[in-house]
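**Student:** One letter stands for each residue in the lines below.
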Amino acid sequence: MTAGTDVAGAAPRADAHAAPPGGGELRMRIWRGDANGGDFVEYRLPALEGEVVLDVVHRIQATQAGDLAVRWNCKAGKCGSCSAEINGRPRLMCMTRMSTLPPGEPVTISPMRAFPVMRDLVTDVSYNYEVAKLIPAFVPRPKPPGGYRMAQVDIERGQEFHKCIECFLCQNTCHVIRDHEENKEHFAGPRFFVRLAELEMHPLDTLDRRLYTSERMGIGYCNITKCCTEVCPEDIHITDNAIIPLKERVVDARFDPVAWLGRKILRRPAPTSAAQVAPYTGAARRALRQQGDQAPA
Amino acid sequence: MADVETHQYDVVIIGAGGAGLRAAVESLSLGARTALVCKSLLGKAHTVMAEGGVAAALGNVWPQDNWQVHFRDTMRGGKMLNNWRMAQLHAEQAPDRVLELEEWGALFDRTPDGRILQRDFGGHRYARLAHVGDRTGLEMIRTLQHRAVDLGIDVYMECKIVRLLNDGDGAVNGALGFWRDSGRFVAFGAKSVVLATGGVGKTWKFTSNSWESTGDGHALALWAGADLIDMECVQFHPTGMVWPPSARGLLVTEGVRGDGGVLRNREGERFMFNYITPYFAAETADTPEEADKWYDDKEGSRRPPELLPRDEVARAINTEVKAERGSPHGGVFLDIATRRSAEEIKRRLPSMYHQFKQLADVDITAEPMEVGPTLHYIMGGVRVEADTEATTVGGLYAAGEVAGGMHGANRLGGNSLSDLLVFGRLAGRAAAESALGGAKASQLDDALVADISGHALEFFGNDGGENPYTLHQELQDTMQSLVGIIRTEAELREAKERLGELSERAKKVFVEGNRSFNPGWHLALDLESMLGCAWCTTLAAIERKESRGGHTREDYPKPDPELEKVNMVCRLRDGAYTVTPEQKPVMPSELRKLFEEDQS
Chain S
6 MTAGTDVAGA APRADAHAAP PGGGELRMRI WRGDANGGDF VEYRLPALEG EVVLDVVHRI
66 QATQAGDLAV RWNCKAGKCG SCSAEINGRP RLMCMTRMST LPPGEPVTIS PMRAFPVMRD
126 LVTDVSYNYE VAKLIPAFVP RPKPPGGYRM AQVDIERGQE FHKCIECFLC QNTCHVIRDH
186 EENKEHFAGP RFFVRLAELE MHPLDTLDRR LYTSERMGIG YCNITKCCTE VCPEDIHITD
246 NAIIPLKERV VDARFDPVAW LGRKILRRPA PTSAAQVAPY TGAARRALRQ QGDQAPA
Chain P
16 MADVETHQYD VVIIGAGGAG LRAAVESLSL GARTALVCKS LLGKAHTVMA EGGVAAALGN
76 VWPQDNWQVH FRDTMRGGKM LNNWRMAQLH AEQAPDRVLE LEEWGALFDR TPDGRILQRD
136 FGGHRYARLA HVGDRTGLEM IRTLQHRAVD LGIDVYMECK IVRLLNDGDG AVNGALGFWR
196 DSGRFVAFGA KSVVLATGGV GKTWKFTSNS WESTGDGHAL ALWAGADLID MECVQFHPTG
256 MVWPPSARGL LVTEGVRGDG GVLRNREGER FMFNYITPYF AAETADTPEE ADKWYDDKEG
316 SRRPPELLPR DEVARAINTE VKAERGSPHG GVFLDIATRR SAEEIKRRLP SMYHQFKQLA
376 DVDITAEPME VGPTLHYIMG GVRVEADTEA TTVGGLYAAG EVAGGMHGAN RLGGNSLSDL
436 LVFGRLAGRA AAESALGGAK ASQLDDALVA DISGHALEFF GNDGGENPYT LHQELQDTMQ
496 SLVGIIRTEA ELREAKERLG ELSERAKKVF VEGNRSFNPG WHLALDLESM LGCAWCTTLA
556 AIERKESRGG HTREDYPKPD PELEKVNMVC RLRDGAYTVT PEQKPVMPSE LRKLFEEDQS
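Residue numbers (the working numbering), protein chains in the order written: chain S, 6 to 302; chain P, 16 to 615.
Worth double-checking, as some hints may not be accurate.
Unchecked claim - Listed below are several chain P residues computed to face chain S (Cβ distance under 10 Å; list not exhaustive): (1) 132; (2) 225; (3) 463; (4) 488; (5) 531.
Rather than coming from a laboratory, the hints here were simulated on the basis of the structure.
For every residue, glycine included, the Cβ atom is placed at its ideal position computed from N, Cα and C.
Work the whole structure out from these sequences, hints included.
**Tutor:** As structure tokens, this is what we get:
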């Protein structure tokens with residue numbers, strides 16, 4: 006047996022999971038309330054080994070506050086449901102170990118600030134689902150006989166964007182909408198720039214969404230402060246790999262004289278405007294369907 | 016309906032994981048008015064947690080692969096208890112369903128010549144799983160979600176269905192639920208209802224399943240009078256995390272073993288060589304040298320025993336731990352660090368790297384993981400007609416994990432994601448065709464709606480009653496300790512006793528607070544579903560006096576050839592559960608030949 010003995014000897018280190026000091030008691034200050042207001046309520050409970058913040062919230066639910074509202078699903082950092090602000094920082098509760106927080110101090114948990122509170126830690130994130138309907142759909146080039154071929158190297162950037170778990174922490178932290186509800190009308194937010202970038206860089210996609218990205222999705226509002234990148238639990242380089250390239254492509258679509266000349270000579274179609282792209286959005290298809298028509302193919 | 020919000024559709028689909036979304040896409044593209052109702056936000060369903068890949072005989076890596084080989088692997092993996100027709104449809108149609116995802120924007124990992132790459136998994140003769148690193152489920156759910164949104168789907172998110180509604184003659188004509196946000200009731204009228212609610216994992220203590228997996232669809236079907244089959248067949252995935260305690264049960268993908276990882280006990284022994292059963296001996300390597308060669312030479316060597324089907328590996332780990340040859344925290348070691356380069360591990364298994372680093376502070380490129388069995392999947396479920404997924408109740412369909420039959424007594428890894436696609440589509444198609452082909456919408460029954468909503472609200476009045484969280488823990492402890500990997504008659508009967516008590520206590524659950532986003536209330540209602548499923552599993556496990564696949568009886572350690580021919584059928588009649596062995600469909604001779612030619 007190769008490497009048998011060292012394998013058996015390599016038990017995981019226990020110290021990283023030790024209960025935080027401070028008498029072994031946790032003080033959790035959790036925001037409780039609804040759309041009409043609320044306040045922090047403090048809960049005290051014993052510290053246990055190896056817990057994440059969501060475990061502690063669940064223990065409070067089970068023993069002290071049965072109706073404490075919290076959204077969660079997988080508890081493994083894969084679904085992006087349990088987003089909140091822990092000690093003021095936007096994070097996933099299921100991936101934040103208690104041992105990484107300052108020992109002995111109270112831990113505050115509040116709902117994401119950019120979205121209206123429903124109850125306690127649960128917010129109304131429907132804005133995001135509305136924006137999703139406005140994204141012009143994937144339109145692949147015709148399938149050749151024998152199927153599509155794509156090189157691994159050509160899809161890796163797209164795969165980075167597909168890691169998005171839609172936790173909406175980037176939306177929550179983006180200052181364009183965090184304290185400016187009015188901007189939600191004309192600004193899609195970092196999550197959807199990632200989605201637009203993924204379509205823009207997809208080797209099979211044929212639709213030009215560049216002017217739409219600027220005219221309807223409002224990418225110009227972003228002044229690349231990188232707050233979104235910092236809070237992304239999936240380490241997607243939102244600003245560098247999605248937003249900045251998108252901004253460059255938007256500029257190209259509008260002002261590039263070489264591209265303009267190329268279009269003149271080669272008779273390539275001009276970049277599509279927002280109005281032209283609109284029929285490809287879920288919202289448009291939905292409206293058509295409600296009129297009793299078939300969705301466009 | 017007097018004061019209940021009501022919506023009328025052709026097709027209402029309950030559950031928005033892979034099966035529900037695929038059914039919705041199909042139903043919409045056939046032109047049916049379709050609603051998707053889900054307990055969580057869209058895109059959060061348990062499908063996002065699927066890791067290793069989707070099984071389909073594309074033949075991109077091994078051209079020898081085809082649907083017959085996949086079919087044979089699936090049936091043998093399921094210890095022949097599978098519904099043969101479902102297994103056939105699944106193997107035949109899975110490749111088209113995967114290629115279709117690509118047309119909708121999915122980005123699977125590629126072969127050097129630019130086609131979809133496929134990886135090795137347990138029980139599959141050839142590398143067969145199309146994948147995206149180790150987050151294939153996320154790719155699948157997001158692709159289907161975008162597709163459904165593009166088609167203009169109506170989604171009712173965070174809406175829990177409490178009961179199905181019927182037309183008075185037993186046929187389903189809708190469903191009653193409530194908005195989790197406000198607690199207000201909402202009724203759906205439908206010509207067809209598709210159940211796509213997933214599994215039952217939260218009934219056990221250590222599970223890889225997410226919050227939603229409370230057996231809602233199984234229970235809704237049971238209450239509506241439908242048959243459930245093979246509920247005793249649950250799968251313990253061999254490799255869940257065992258430490259730290261809060262992460263216990265979290266899935267460690269089979270892809271770790273597919274990519275070369277091996278299992279060792281505390282002595283460092285690759286113990287799986289000691290657990291090769293006669294059933295799989297002919298196709299399993301018996302030396303480490305042969306096993307290691309297999310990854311590159313499928314024809315000249317046999318499969319490593321670490322890649323035996325999941326039931327075999329889970330039992331082996333269980334035995335090692337019981338014999339005190341386990342790891343410090345009660346599991347065994349899963350070692351990929353000494354087998355593959357750090358760079359390759361991070362590229363092929365990024366989520367696993369991340370998960371262990373963040374939750375256990377273990378670097379899997381340098382140290383072994385500690386793993387042990389975790390409840391992962393239920394093979395049993397609602398009895399359906401293979402080609403249409405129609406249940407035994409009119410107007411009701413079921414697809415995905417909630418449906419039974421496809422996987423027999425044990426599911427092969429990767430066959431779940433393909434199941435969702437193949438049968439989600441067939442269910443959506445049959446439901447839409449029935450609705451568009453002249454089925455009439457019937458009036459919803461006001462009195463029934465009032466009854467159900469009244470019942471759901473009773474918990475608020477049970478002052479001084481049971482805490483739902485405590486009751487849930489007791490149910491989980493009962494199932495974990497008495498209806499686990501290895502079962503005995505005495506323990507199953509004890510479980511039955513305890514379920515009797517728990518069911519009585521569940522009626523007295525008290526919910527504090529009000530109806531607005533109240534998790535205590537949601538749990539009280541989920542408990543009803545979980546208890547229904549726990550009853551079926553326990554009673555069917557008593558009835559199946561043999562060991563087969565995921566159902567292992569210490570007192571009946573061998574398979575009984577007679578019991579291979581029957582499904583255990585669970586029904587609820589006048590408040591009493593019944594379990595009846597009934598003949599399952601017989602495989603036609605031309606398919607049976609696939610098994611005769613290599614009894615090797």
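**Student:** State for each hint whether it applies.
**Tutor:** Now the hints, each set against the structure:
| no. | hint | result |
| --- | --- | --- |
| 1 | 132 | holds (8 Å) |
| 2 | 225 | holds (4 Å) |
| 3 | 463 | violated (28 Å) |
| 4 | 488 | holds (8 Å) |
| 5 | 531 | holds (5 Å) |
When the structure is compared with the earlier hints, a violation turns up for hint 3 alone.
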